[in-house]
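Protein chains in written order, with the working numbering: chain E, 101 to 368; chain D, 0 to 280.
Hints listed in this document are in silico derivations from the structure and should not be mistaken for laboratory results. Among the clues, some could well be false.
Said to hold, decoys possible - For lysine-lysine, the following DSSO-like pairs were computed, each having C-alpha atoms within a straight-line distance of at most 27 angstroms:
1) LYS187(D) <-> LYS147(E)
2) LYS187(E) <-> LYS147(E)
3) LYS243(D) <-> LYS200(E)
4) LYS350(E) <-> LYS187(D)
5) LYS350(E) <-> LYS187(E)
6) LYS252(D) <-> LYS147(E)
7) LYS266(D) <-> LYS256(D)
8) LYS117(E) <-> LYS281(E)
9) LYS200(E) <-> LYS151(D)
10) LYS252(D) <-> LYS267(D)
11) LYS168(D) <-> LYS151(D)
12) LYS200(E) <-> LYS267(D)
13) LYS187(D) <-> LYS233(D)
14) LYS187(D) <-> LYS267(D)
15) LYS267(D) <-> LYS350(E)
16) LYS39(D) <-> LYS147(E)
17) LYS187(D) <-> LYS200(E)
18) LYS188(E) <-> LYS218(E)
19) LYS151(D) <-> LYS147(E)
Since the model is a prediction, treat every value here as computed from it, not as a measurement.
Spelled out from the first residue to the last, the chains are:
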Amino acid sequence: MFIPCDRGGGPAALDFKGFTLLMPAVSVGNVGQLAIDLVISTLDMTKVGYFYTDCLVPMVGNNPYATAEENSTELSINAEVYSLPSKKLVVLQIRSPFIKNKYRPFCETLLSWVKSSKCARVVLLSSSHAYQRDDEQLLGTPLRYLLTPDLEKAVGGRMKELNWKEMERVAAYPGISDTDKVLHIPGGGITKLLFTQSCSEGIQMAVLLKFCSEGDNIPDAFVLVNYLNEWLQLIKSESNNSTDPSSQWKIPSSWRLLFGNGLPPALF
Amino acid sequence: MATFFGEVVVAPSRAGLDEEEEAREETPEDREIRREIEKKREIDVLWTWRSGGCAEEPLVCSRFIVAIGRNAAAFLSSFILDSVCWEVVGVVKLWNEWCRTSSTTNVLPTDSFCLFYRLISDPTVLLCQCSCYVAEDQQFQWLEKVFGSMQKKGLQVTILSTCPVADYKTQESTLTLVSPFLRALKTKEFQEQVCCPLLEQPNIVRDLPAAVLSYCQVWQIPAVLYQCYTDVIKLDTVTIEAFKPLLSSKVLKSLAKDASESTKILKKFLTTSETHNNIYI
Numbered sequence: 101m102f103i104p105c106d107r108g109g110g111p112a113a114l115d116f117k118g119f120t121l122l123m124p125a126v127s128v129g130n131v132g133q134l135a136i137d138l139v140i141s142t143l144d145m146t147k148v149g150y151f152y153t154d155c156l157v158p159m160v161g162n163n164p165y166a167t168a169e170e171n172s173t174e175l176s177i178n179a180e181v182y183s184l185p186s187k188k189l190v191v192l193q194i195r196s197p198f199i200k201n202k203y204r205p206f207c208e209t210l211l212s213w214v215k216s217s218k219c220a221r222v223v224l225l226s227s228s229h230a231y232q233r234d235d236e237q238l239l240g241t242p243l244r245y246l247l248t249p250d251l252e253k254a255v256g257g258r259m260k261e262l263n264w265k266e267m268e269r270v271a272a273y274p275g276i277s278d279t280d281k282v283l284h285i286p287g288g289g290i291t292k293l294l295f296t297q298s299c300s301e302g303i304q305m306a307v308l309l310k311f312c313s314e315g316d317n318i319p320d321a322f323v324l325v326n327y328l329n330e331w332l333q334l335i336k337s338e339s340n341n342s343t344d345p346s347s348q349w350k351i352p353s354s355w356r357l358l359f360g361n362g363l364p365p366a367l368f
Numbered sequence: 000m001a002t003f004f005g006e007v008v009v010a011p012s013r014a015g016l017d018e019e020e021e022a023r024e025e026t027p028e029d030r031e032i033r034r035e036i037e038k039k040r041e042i043d044v045l046w047t048w049r050s051g052g053c054a055e056e057p058l059v060c061s062r063f064i065v066a067i068g069r070n071a072a073a074f075l076s077s078f079i080l081d082s083v084c085w086e087v088v089g090v091v092k093l094w095n096e097w098c099r100t101s102s103t104t105n106v107l108p109t110d111s112f113c114l115f116y117r118l119i120s121d122p123t124v125l126l127c128q129c130s131c132y133v134a135e136d137q138q139f140q141w142l143e144k145v146f147g148s149m150q151k152k153g154l155q156v157t158i159l160s161t162c163p164v165a166d167y168k169t170q171e172s173t174l175t176l177v178s179p180f181l182r183a184l185k186t187k188e189f190q191e192q193v194c195c196p197l198l199e200q201p202n203i204v205r206d207l208p209a210a211v212l213s214y215c216q217v218w219q220i221p222a223v224l225y226q227c228y229t230d231v232i233k234l235d236t237v238t239i240e241a242f243k244p245l246l247s248s249k250v251l252k253s254l255a256k257d258a259s260e261s262t263k264i265l266k267k268f269l270t271t272s273e274t275h276n277n278i279y280i
């Protein structure tokens, strides 16, 4: 459940009515979570609360977005909420994997919070195993989107303008029958569950995902966050190719030592 | 994904478990099995002052000191606890794949146990030694059942724990680090001095220590966690002594035992652990 940081503010202080909720799925390469880190870090978002749940593995650490000595000692937990009222944006960051059998309870708690906080729509950043692509998916863009029927009505046209590719549905029984098509997002964590539940509950949700593999997923995160930016325009993209769009995103200070410590000098 | 031998294996993914399994609807048999396993993994917190029956008063607690892991628990046994000033007031009974604890309070330092003690002269001071492993699906339960029995107004929590120095992320190689060493994490409400440097980014803490600290941060309880990075897994006096700077902290200063007694107990740990861990005789 959502617990605000500042209890004294009163109910009016934390109003997400009409806001866009941006969140990651814990998925292959953690691409969604890395992209969210870039958004929070670049927009210098303020932490407004915690999503306290028994569905995620506990973890704590000091402020992952620290920029100076003064702000480096604030404690962070596994699921936190950040907000930027000027852009009507609220972001949920998830920092640890799900506990077994807790996917469904988490989705239910999350969607009930979305409804009670009156968020206008949810944007889920996710990823899917690149090795599971079919022949057609191997060509062209590795980025895909999905919209729930309620959001399709509102923004479906914009996606067409942007020339985005919708996530293909695959045959439920490949080789046997091609008529039954289902949504299949391997490596996507809770993406499919959250999406299908949002469809049936009339929640406006968009899923933006990238095909990728485990490894150094920082480039994948940049690609995904730029994809998101094409639509939501969170930061101003420089005109055409004069500047590398990746340079406008600020890498958080916690993205250090991702692949281990320094080497022992005695090795050489 | 194919390996060198040509067989196809499922690529491990940071996304976690196979979500197909999670998304599939449960059959009644699956549900029954899951419920049975959940029941078996339920933890019981048995408080001695509670006789059961009608609603009990929550324990008024001003200081709660939690030692997680054998070395942290041994530190409290050597430097704080004794049978004269402290009484056992609670025990946690749990089972998971790694360990099982019973409701007995007569334990050896090498056993798996989770006991609660109260200072007789000031019953608002509570201490917990948790040397058993609390699995990730049990950690939330532990929090709710332990903190649920306490009145949290005016509460301050101190957590002691250990973890391998190989987990410590730093620019230099861990081979050149002098271990064991302490690092601290504190909640927003904790205003006192900490006895060692704060844990630098991008390091994180997991498991029960993280669960307790998260709980305190969310519910605005002043709390500090002292994590000892060590290269010894078993019970070790050097690791135990690494916690000594904490004896000068406000919370533990008044509780510290006589130094000579602590040395005696530490020597006893040395002999006990050596006998148990020597594989050559």
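Hints, verified against the model:
no.	hint	result
1	LYS187(D) <-> LYS147(E)	holds, 13 angstroms
2	LYS187(E) <-> LYS147(E)	holds, 15 angstroms
3	LYS243(D) <-> LYS200(E)	violated, 38 angstroms
4	LYS350(E) <-> LYS187(D)	holds, 26 angstroms
5	LYS350(E) <-> LYS187(E)	holds, 18 angstroms
6	LYS252(D) <-> LYS147(E)	violated, 35 angstroms
7	LYS266(D) <-> LYS256(D)	holds, 16 angstroms
8	LYS117(E) <-> LYS281(E)	violated, 36 angstroms
9	LYS200(E) <-> LYS151(D)	violated, 30 angstroms
10	LYS252(D) <-> LYS267(D)	holds, 23 angstroms
11	LYS168(D) <-> LYS151(D)	violated, 34 angstroms
12	LYS200(E) <-> LYS267(D)	violated, 41 angstroms
13	LYS187(D) <-> LYS233(D)	violated, 33 angstroms
14	LYS187(D) <-> LYS267(D)	violated, 39 angstroms
15	LYS267(D) <-> LYS350(E)	violated, 54 angstroms
16	LYS39(D) <-> LYS147(E)	violated, 38 angstroms
17	LYS187(D) <-> LYS200(E)	violated, 31 angstroms
18	LYS188(E) <-> LYS218(E)	holds, 12 angstroms
19	LYS151(D) <-> LYS147(E)	holds, 24 angstroms
Checked against the numbered hints given earlier, this structure breaks hints 3, 6, 8, 9, 11, 12, 13, 14, 15, 16, 17; the rest are met.
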